[in-house]
Amino acid sequence: MRKIYLIFILILTFNYSQTDSRIKEFEKILGERQTKALNLLVSDFEKNLDTLYPDLSTDKAYKKYLTDIIADSTTDWEKFKFQSDKTNSEFHQSGLWDDIYIKDSDTLIKRYWDMRESAGMLSNELFVSGTLSLEPDFNNYFHKRIVVVEYSF
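For the sequence shown, my numbering begins at 95 and goes up steadily by one.
Do not take every clue at face value.
Below, computed lysine-lysine pairings styled on DSS-like, alpha-carbon distance capped at 25 Å [claimed, not checked]:
#	residue 1	residue 2
1	Lys122	Lys180
2	Lys157	Lys173
3	Lys204	Lys122
Hints are computed from structural coordinates only; laboratory data are not their basis. No experiment lies behind these values; they were computed from the predicted model shown.
Let the sequences and hints guide you as you build the complete structure.
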C-alpha cells in the first residue's frame, strides 16, 4: 500500500485571498521541486479539462469534471486520467506524492482537511459533494490544487 501523507498544514497562516505573497510563501515552504511537480499536475489537469470541456471556462470545467466523475452514467474512466508520464514521474520523484503541506486558510481548505483527517482517503462522491457544497472558486490557486492532488493518487 502506498504511503500517502496529506498533511495540509501550511496554509493555516494564509487567509482566503490568494495574493502573490501568500502563493510565494506556500511555494517557498513546499520547495522548488515539489512546487514544479504540483504546477505540472495542475497544467496536465487543465489541459485535460480543455480537451473534455473546450467550451467551458476553467472554473466551470473543474465543476463539470467533479460532477461527471461521480455521475452514474459515467463509463469511460480513462477520460479522467490526466497525468503525462513525465508529470507522473516528477510527482513521485519529487516526493510531492508523499507530503503536501497546507494550513488553514478558508472554509473549503479547513473542511477538506478535517474530513481527510477523520475519514482518510475519501470516496469520489464524498469528496465531490463536500467540495461543491462549499462553493469553491476554481480560479483560486489553492482550491485548484486540492482537486488536482485529490485525483493524482
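Verification of the supplied hints:
1. Lys122 with Lys180: Holds: Lys122 and Lys180 sit about 23 Å apart, inside 25 Å.
2. Lys157 with Lys173: holds (15 Å)
3. Lys204 with Lys122: Holds: Lys204 and Lys122 sit about 21 Å apart, inside 25 Å.
Hint compliance for this structure: no hint is broken.
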